[in-house]
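Chemist: Listed below are the residues making up each chain.
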Amino acid sequence: MRLYCLSDDPNLPCFILTVNGRSILFDFPLPMDHLLDYLPVPSPGCFNRFSSLPKYTLLSHNKENNLPQQIDELRILHNQVYVSSPIEFYTLDSSQYDFSLIDIILISNYETLLGLPYLFKKYEHLNAQIYLTEPTYRFGQQLMYELVNYVEQQSKMIQVNNQWRSDLEIFDAIEEQQNEKKVKLLAYAQKLMPCYSIEDVDKCLSRATVVHFNEQIDLYSSTRASAISSGYCLGGCNWQLDINVNHNQTSKIEGSSSQTNLARFIYMSSSTTLETHSSKFMYDSFLNCDYLLLSNLSRLSSVDPSVNASELTSKIETILNDHGSVLLPCSSTGLIYDMFEFLTKFFEQINLLSIHMYFISPISNANLSISNAMSEWVSEQRQTASFSGTPPFKHNELIKTKCLITIPSDRLDDTENLNSFEQRCVIFTGHTSLRFGPVVQLIEKLKSSSSNGIIFVDNQFSYIEAMKPFQPMNMKCFYLPIDTRLNFSQANILLNDKIRPKSVILHERYANEINKNDKMNLLTYRKYDNLKLPKVNRSFINGQLNIKGEMKPKYIPSANLAIASVHGHLDMCDYVYEINELNDENGKEKNLITYGKIDIDKFLINLSKSGLFGLEVKQLPDYDDLDDDVDGNDQSNRSVEIKYNHGAAKILLRLKQTDIECNDPVLMTKIRDALLMDNIGTL
Amino acid sequence: MVWFEILPSLVLTAGPLLLVAAPAMYISNYFFLNGKARGPKNIMKDDRDYYMYLRDRRITGNEYYPRGVEAIDERPTLVKLRAGQDVGRSCILITMGGKNIMLDCGLHMGFQDDRRFPDFTVICKDGPLTPYIHCVIVSHFHLDHCGALPYMTEVAGYNGPIYMTYPTKAVCPLLLEDFRKVTTDKTTQQGPYTAEDIKNCMKKVIPVSLGQTVKVDTDFEIKAYYAGHVLGAAMFHIRVGQQTLVYTGDFNTTADRHLGSAHIDRCRPDVLITESTYGSTVRDSRRARERDFMSKVVDCVRHGGKVLVPVFAVGRAQELCILLETYLERMNLNVPIYFASGLSEKVNTYYSLFVSWTNEKIQSTFHQKNIFDFKHIKPWDRSYAEQPGAMIVFASPGMLHAGYSLHLFKKWAPDEKNMIIIPGYCVANTVGSKLLLGQRRFVFDGKEIEAKMQVHYMSFSAHADAKGITNLIRQCQPRNVVLVHGEDLVMDFLRGRVIDELKTPCFKPANGETIVIETPHGVPVDIEPGLVQQLKEETADVNRPAKRAKSMQGTLIIKDGRLRLVRPSTAMNELGLVHHLVQFHSRFPSLTNVRPIQLVALVQLLERELNSGNNELKHRITLISDNLLHIDNKQLRISIEPNGDIDIAWTLNNESLGQRVSSYIKSFIDQHMATTTTTTISDSAASPDPM
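Keeping their order, the protein sequence lines are chains A and B.
Its first residue numbered 1, the first sequence is counted upward by one per residue in the UniProt record's numbering.
Its first residue numbered 1, the second sequence is counted upward by one per residue in the UniProt record's numbering.
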């Protein structure tokens with residue numbers, strides 16, 4: 001088993017596990033960290049002040065005409081280089097691994113699959129099956145649509161001229177010119193690809209197989225996967241793999257759960273022990289697992305989300321009391337469902353009536369109706385509601401009472417729509433990077449008044465960097481990240497006191513924070529590491545024993561167990577081992593196994609009983625066992641030679657071996673019977 | 001009801017851990033309370049929508065149903081239940097692997113008293129049922145499958161787990177409550193159970209998702225598959241230890257306008273218990289039926305008539321609503337459609353809450369448009385009945401015996417322009433069934449009404465037909481099929497088909513009959529890899545038949561309920577036993593006076609003697625060196641000692657082989673002696689070398 005780690009950011013998990021000759025890809029998120037190097041782009045038809053920014057001029061560089069070269073796509077703002085082009089993305093796949101060889105893709109939640117359309121676009125021969133839960137599928141699809149939607153309208157506005165990217169000399173020149181400040185965008189500039197299209201999304205999702213929590217999926221005969229609820233979001237899951245480890249063979253996993261030759265591999269992505277709207281985190285089946293791959297812990301080490309949540313309400317209250325509007329850049333699904341209900345309740349409490357909450361996104365209506373149809377994936381409390389016929393979330397009610405207003409469009413017109421936000425209200429919209437989506441326009445609109453406020457609840461992007469292009473701005477700004485994922489102390493408790501895995505695999509950045517433990521083998525990874533996982537040895541193969549006749553086990557009190565001799569055929573068909581007992585009494589008798597020592601006196605008596613008289617008994621010097629610790633005087637440990645009828649039969653009794661020399665079959669049978677009768681133990 | 005029982009043939013007792021031997025495990029299967037054999041003659045088994053039985057009971061109130069016979073079994077481990085002759089009740093009890101599982105807990109509409117419930121006193125005389133039943137599985141929300149549940153949990157006393165799918169759990173209490181209201185005596189407040197009972201009962205229900213493997217107990221799992229009969233209907237795959245069983249409940253193999261089709265993996269269960277409602281018919285296509293329905297409706301409406309469609313609130317009502325809605329949208333027909341039912345509006349919200357249980361088309365579009373928010377279908381108001389002009393009304397209940405539908409029937413029946421379409425089947429004695437039988441004159445409240453309206457019957461029930469059932473069996477590949485939930489003749493027909501076409505043993509248990517189905521299963525053992533390795537080495541260079549015939553010798557160690565099969569030597573080591581090798585020798589003195597025997601010559605001899613026969617096992621003869629020869633990998637050794645003696649040694653297990661070989665060699669030596677004595681002179685002349 002090998003684990004190939006493709007990402008340097010533990011919050012951007014992407015791994016390939018190769019096991020029994022197959023490759024499993026865990027998650028394929030879309031890296032977004034580079035978005036902050038772009039200039040914000042407002043919706044088409046709106047005033048775009050960023051388009052008039054000065055172009056980046058290379059002073060040193062002059063090729064033909066000795067004039068300073070200007071790069072169309074790079075702009076300077078607040079003394080920083082920004083890219084002015086439609087958003088493009090890079091993916092985590094690397095040329096070091098042939099992605100078309102991937103057999104299975106397991107997705108843990110809707111945040112970690114946004115890169116998949118690229119994968120299927122890039123590798124035409126990729127024939128992998130994607131396994132994900134239903135909410136992951138539906139929300140993931142919507143989030144991709146949203147992304148495509150936002151980027152598409154940008155590309156209509158901005159002309160692309162990305163020739164500079166292919167010219168490495170320009171890179172050098174920029175680096176030289178910016179000398180002190182490191183230009184991050186040069187690191188990935190050449191990897192950037194235009195955003196995928198709706199067709200790419202649909203093509204990719206046509207490979208998806210929707211699964212349910214705890215559904216046992218036979219990936220192939222020797223590996224079984226199940227999605228276990230992670231509590232992080234609707235349909236968010238951790239993956240458990242049961243892998244048959246016997247001899248690296250693809251032995252079939254039988255139905256029986258009392259399997260001894262399975263290794264358990266747990267891929268733990270975003271998980272939370274907090275009670276949110278989704279079904280709770282389950283880890284019962286993780287206990288004492290063999291491998292645990294830990295990723296996607298909280299970005300904040302210690303802040304309790306509930307503290308920030310109460311802080312959030314008080315900030316919103318102040319802004320609203322100041323007759324300002326609150327702008328909450330956030331993702332179009334997940335946390336907002338909690339926020340809607342949480343804030344409505346809060347407004348009722350503090351008697352702030354007639355506050356409108358706006359939810360602006362092209363997928364707002366779809367997401368709200370999907371979330372209400374996911375009754376099987378919500379917390380138990382909400383499930384009870386759906387059993388009595390009311391939707392698990394209160395969106396519909398809020399929309400009916402005009403508390404919540406959804407604007408399912410990808411753009412805001414400068415004219416009518418925006419005016420309604422001048423009254424005090426709370427606006428939820430994206431994108432959290434503040435580089436595209438309706439949020440760009442809203443900031444431009446609201447930033448002039450100091451009574452308005454923007455509150456960052458998402459911590460994926462640095463809020464200072466995100467707001468930089470919009471400066472100067474008067475509006476209030478608060479950073480109150482709500483990150484429900486496990487933090488280090490929770491992870492420590494979980495690992496050391498509860499799950500106790502045999503090996504833990506984590507990013508080296510996490511290594512110092514996770515308590516080490518003698519029983520726990522800690523493996524750290526870096527980007528592009530190819531870890532060889534410690535082998536799990538299971539000493540048995542699972543088989544089936546078909547008993548034909550009766551089996552008479554012998555009870556051995558000293559060891560408190562019973563043993564029986566089995567004589568049969570061992571068949572292996574399709575890697576299923578089956579032992580068919582032979583219903584053959586002779587066969588059984590023939591296959592005696594003898595153990596123990598021979599009681600010589602008894603043997604002699606037995607011999608005489610069967611009519612063998614006149615035996616010559618001779619003690620032999622114990623040359624065999626000279627170096628044994630056994631007391632040499634002990635009669636029973638000495639070798640004895642018995643002769644009958646002047647060598648017609650010669651029996652040599654030694655500690656571990658008896659040799660009977662005889663040319664007469666009848667006589668030989670007699671001796672044998674005498675030897676086996678109540679003497680040495682037989683199986 | 002069916003009992004399955006594994007008689008644990010291989011019992012591992014605790015403590016001394018002895019194997020109380022027996023050949024193979026088997027399931028025994030006891031039938032009981034299956035129902036359907038001798039129902040009222042005039043009931044056509046067409047649609048088993050729950051309401052029929054519900055209302056039927058009120059109207060007919062007959063006592064057709066004789067009490068059943070008891071399943072008698074002497075084995076003390078079995079729990080006995082009374083068998084009954086019921087119509088339309090599903091309640092099957094199986095015992096497999098020592099677990100008692102109840103499949104469905106249906107209600108019988110033929111009785112007014114407690115006999116409508118399964119007789120739980122047979123499980124235990126008094127006291128709670130919990131110790132006797134490990135779990136209850138309910139396939140869908142129709143009352144003949146879940147109606148007795150509150151009685152079982154609250155009155156008879158059962159606290160164990162009850163499993164049903166999410167939508168079933170949601171819709172089930174609605175129907176139970178409705179049933180309770182109908183059956184509770186208004187004056188005495190005497191009813192089968194109280195509203196509180198229903199609530200408490202539903203609290204004990206554990207919801208299950210499709211495909212989710214639920215661990216009921218160690219080595220006891222259930223998994224739900226999509227059945228498509230109604231919202232949330234499921235088939236259940238049950239595994240206890242090695243034994244597996246699939247119970248289909250009611251299912252539909254063709255997708256309709258709002259539900260998908262039943263699907264199951266090729267899971268090869270030991271037993272498949274399948275319904276057989278439409279076991280003998282092959283139905284025409286859904287499309288043809290729909291077209292027929294629509295053309296009739298449109299025809300009537302065009303002439304200004306009113307169409308009355310009596311339906312039940314859940315199930316087919318939604319199907320027909322979607323049909324009408326989409327059709328009218330396309331045809332641009334502007335006719336008001338109303339839906340008159342107490343329950344329906346609530347039920348429609350359940351459909352949108354559990355969208356993943358509907359068909360794929362609805363699933364992929366629900367976030368854009370909720371198909372259950374009907375645009376053209378409006379809730380009914382009593383005043384609409386007087387409105388002139390064409391209209392289409394869905395009204396409950398479906399058998400025209402009470403409520404909205406009867407009210408409208410009385411109003412509209414005398415007008416020949418109007419039409420009534422009965423989409424399901426009607427129980428005897430209801431107005432609906434009389435109408436279908438041709439009766440046209442009815443007396444209501446002393447007034448005679450002559451029904452001049454057109455009367456049509458069209459079956460829209462969601463059951464698999466004969467083709468569907470056989471397809472499911474083919475897909476699932478069970479080792480045994482058990483037919484339930486069908487009429488006797490139908491089951492006979494289907495049984496013949498399953499046996500002839502699918503070559504699968506098929507059972508058609510009569511009511512109260514107990515059937516035993518053997519399921520030969522091996523015992524799971526852990527095999528030591530070394531044992532396999534050793535066998536591989538031993539058979540490395542032999543041909544296939546020899547490999548097949550190769551027997552294996554192992555030692556079974558039974559400890560703490562775990563069975564391990566190891567090499568005898570491993571077992572010895574583990575137990576601290578020392579192997580004592582017993583070796584036999586045959587020794588032939590050296591022939592110093594004659595030319596010594598070459599082992600090569602012996603190889604030829606043995607090859608001839610041992611391996612000439614056809615049927616016998618071939619022995620492998622290997623010449624190790626000039627003076628050492630092995631047969632069958634050290635099983636037997638022939639060596640020439642330094643002093644020229646020939647020593648044949650074999651172990652205890654190869655006695656016959658050893659004796660045969662030694663006799664061959666003895667005769668060979670005798671022969672050799674004889675020949676050498678005669679040829680010595682010529683030999684020595686030819687070769688003066690004295691050796």
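In case anyone wonders, no lab produced these hints; they're calculated from the structure.
Treat each hint with caution, since some may be false.
[Stated by the list, open to error] Derived DEER-like restraints, expressed as beta-carbon distance ranges:
(1) S221(A) - T130(B): 37 to 43 Å
(2) E641(B) - G596(A): 28 to 34 Å
(3) P589(B) - L676(A): 24 to 30 Å
(4) G127(B) - N288(A): 37 to 43 Å
C-beta: ideal position from N, C-alpha, C; glycine also.
Chemist: Just tell me: holds or violated, for the beta carbon distance of G127(B) and N288(A) against 37 to 43 Å?
Modeler: holds, 40 Å
Chemist: Has the hinted range 37 to 43 Å been met by the Cβ atoms of S221(A) and T130(B)?
Modeler: holds, 39 Å
Chemist: Please check whether P589(B) and L676(A) have a Cβ separation lying inside 24 to 30 Å.
Modeler: holds, 29 Å
Chemist: Taking the beta carbons of E641(B) and G596(A), is their distance inside 28 to 34 Å?
Modeler: Taking Cβ atoms as reference, E641(B) and G596(A) lie about 30 Å apart, which means the hint holds.
Going through the hint list in order, the structure satisfies each hint without exception.
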